[in-house]
Amino acid sequence: MISQRWIVVIPPRGAAREVMLQTIAAISDLSNITIKEFDCLKYENAFNSILKHPEYNLVTDLLDQSLVISCLDFDATHCLIGALSPVTLFTLNLLRKKGIKTIHWFFEDYQRTTYWRDVISGYDYFCAIQQGPFTELCNENSSVFHFLPTAYGGKKLPVLPPEKSFDIAFIGLPSPYRISILERLCKEGFSLRIAGSGWNAYSGLLSDSIIETSWINHDQMMKLLTESKIGLNLSIENPANREDVHISPRVYDVLAAGCVLVTEEVLLLYRSLPLCHFYTFKEMAELVDVCNSVLQNYSDENKHRDQNRQLIMQYHCYSHRIEELIRLVS
Numbered sequence: 001m002i003s004q005r006w007i008v009v010i011p012p013r014g015a016a017r018e019v020m021l022q023t024i025a026a027i028s029d030l031s032n033i034t035i036k037e038f039d040c041l042k043y044e045n046a047f048n049s050i051l052k053h054p055e056y057n058l059v060t061d062l063l064d065q066s067l068v069i070s071c072l073d074f075d076a077t078h079c080l081i082g083a084l085s086p087v088t089l090f091t092l093n094l095l096r097k098k099g100i101k102t103i104h105w106f107f108e109d110y111q112r113t114t115y116w117r118d119v120i121s122g123y124d125y126f127c128a129i130q131q132g133p134f135t136e137l138c139n140e141n142s143s144v145f146h147f148l149p150t151a152y153g154g155k156k157l158p159v160l161p162p163e164k165s166f167d168i169a170f171i172g173l174p175s176p177y178r179i180s181i182l183e184r185l186c187k188e189g190f191s192l193r194i195a196g197s198g199w200n201a202y203s204g205l206l207s208d209s210i211i212e213t214s215w216i217n218h219d220q221m222m223k224l225l226t227e228s229k230i231g232l233n234l235s236i237e238n239p240a241n242r243e244d245v246h247i248s249p250r251v252y253d254v255l256a257a258g259c260v261l262v263t264e265e266v267l268l269l270y271r272s273l274p275l276c277h278f279y280t281f282k283e284m285a286e287l288v289d290v291c292n293s294v295l296q297n298y299s300d301e302n303k304h305r306d307q308n309r310q311l312i313m314q315y316h317c318y319s320h321r322i323e324e325l326i327r328l329v330s
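For the sequence shown, this note's numbering gives the first residue as 1, with consecutive numbering after it.
Hints are not guaranteed to be accurate.
Label pairs and their in silico Cβ distance ranges [stated by the list, open to error]:
no.: 1; residue 1: Thr280; residue 2: Pro54; range: 44 to 52 Å
no.: 2; residue 1: Leu295; residue 2: Ser207; range: 17 to 25 Å
no.: 3; residue 1: Ser49; residue 2: Gln220; range: 27 to 35 Å
no.: 4; residue 1: Asn32; residue 2: Leu275; range: 40 to 48 Å
no.: 5; residue 1: Arg117; residue 2: Tyr56; range: 15 to 23 Å
no.: 6; residue 1: Ser66; residue 2: Leu173; range: 27 to 35 Å
no.: 7; residue 1: Gly189; residue 2: Pro133; range: 39 to 47 Å
no.: 8; residue 1: His304; residue 2: Glu324; range: 23 to 31 Å
no.: 9; residue 1: Met284; residue 2: Lys97; range: 47 to 55 Å
When the alpha-carbon atoms are kept at most 25 Å apart in a straight line, the in silico DSS-like pairs for lysine-lysine are as follows [as the list claims (entries may be wrong)]:
no.: 10; residue 1: Lys223; residue 2: Lys156
no.: 11; residue 1: Lys36; residue 2: Lys97
no.: 12; residue 1: Lys156; residue 2: Lys303
no.: 13; residue 1: Lys155; residue 2: Lys223
no.: 14; residue 1: Lys187; residue 2: Lys164
no.: 15; residue 1: Lys187; residue 2: Lys282
no.: 16; residue 1: Lys98; residue 2: Lys36
no.: 17; residue 1: Lys101; residue 2: Lys42
no.: 18; residue 1: Lys223; residue 2: Lys303
no.: 19; residue 1: Lys303; residue 2: Lys164
no.: 20; residue 1: Lys155; residue 2: Lys36
no.: 21; residue 1: Lys36; residue 2: Lys101
no.: 22; residue 1: Lys223; residue 2: Lys164
no.: 23; residue 1: Lys303; residue 2: Lys155
no.: 24; residue 1: Lys42; residue 2: Lys52
Bear in mind the hints are in silico, worked out from the structure with no lab data behind them.
None of the values given here were measured: they were computed from a predicted structure.
In this text, a Cβ means the ideal position worked out from N, Cα and C, and glycines have one as well.
Model the full assembly from the supplied sequences, consistent with the hints where possible.
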């Protein structure tokens, strides 16, 4: 296979940044690809410190100019850009004119995070964790859309404790929908552990269950999950009110941690987690029944737990996603 030279653009912050760091680690293991990182956070910090009056648009322009120079200097064949990276359509078109394949991995909810509308026409390949309107738009632009879910963020499975201490773990931002469900579970007597950015603004029934109010890294997340019997996946809004609900990347971590995954019934689950064992619910009363049933028959979950962990390592690591991406663009 012909050697490829990839520039990988790392978003400046949040979970999107973590996904691209995992992506870089996976690409670095491939012998036929030479890789160079372009870290938006480092460039943002540098320009903000240099400029007397830093403005977002000016910093973005300087960052994009630096990206173009990096691609040309590196003689890049491909530029893979992570979600939420401040790369403009002008820059993308310039890279394409230079013969560099532009690739975007959009792992946000397209109905809530809408910047993609301004840049999708600049990509040769647009990958996303939802179907959305992307196939039609990419066809109009003579580009390629590909459904590409995220993956488990570890290189090996975590060691499980002899006993799990808590009933249910939830990791994610607070929202009225999520809070209402978690408070109901708390009232039902389940022991909860909650972590995620934004919970510092919450005061109420769940306060004693909140153990972290800022973004947590992979190791912190896995520690929390391995100590819990159930890993709960909740959309920000009630998925019954909309179609094409995206699947949180955290579902892979939940299964790798040996948790029983309990999640809303959404169609993409079955495409994102083929062969895996999990439980779904459509309404609050059903969720309570599912959680009670799992905990009452928890010893029966061991065979599913071990099978899920094996499937994650066999099919759902970042190395598998990168192999799929390489086949797509090659």
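> Under the criterion that the straight-line Cα-Cα distance not exceed 25 Å, is the pair Lys155, Lys223 satisfied?
Replying inline: Distance of about 15 Å is within 25 Å: holds.
> Is Lys98 close enough to Lys36, meaning Cα to Cα at most 25 Å?
Replying inline: 18 Å, holds
>> Taking 27 to 35 Å as the stated bounds, is the beta-carbon spacing between Ser66 and Leu173 within them?
In response: Cβ of Ser66 to Cβ of Leu173: about 31 Å, so the range 27 to 35 Å holds.
>> For a C-alpha distance cap of 25 Å, please report whether Lys223 and Lys164 respect it.
In response: Holds, at about 11 Å.
>> Need the status of pair Lys101, Lys42: alpha-carbon distance at most 25 Å?
In response: With a Cα-Cα distance of about 24 Å, the restraint between Lys101 and Lys42 holds, given a limit of 25 Å.
>> Hint check: Lys187 vs Lys282, CA-CA at most 25 Å. Holds or violated?
In response: 19 Å, holds
>> A range of 17 to 25 Å was offered for this pair. Does it hold for the Cβ distance of Leu295 and Ser207?
In response: 23 Å, holds
> Is the straight-line distance between the alpha-carbon of Lys223 and that of Lys303 25 Å or less?
Replying inline: 21 Å, holds
> Taking only the CA atoms, is the gap from Lys155 to Lys36 under or equal to 25 Å?
Replying inline: OK: Lys155 and Lys36 at ~21 Å, within 25 Å.
> How does the Cβ-Cβ distance of Met284 and Lys97 compare with 47 to 55 Å: does it lie in that range?
Replying inline: 54 Å, holds
> Taken at face value, is the distance from the CA of Lys156 to the CA of Lys223 at most 25 Å?
Replying inline: 14 Å, holds
> Is it true that the CA of Lys187 sits at most 25 Å from the CA of Lys164?
Replying inline: The hint holds at about 21 Å.
Violated hints amount to a single one, hint 4; each of the other numbered hints is respected by the structure.
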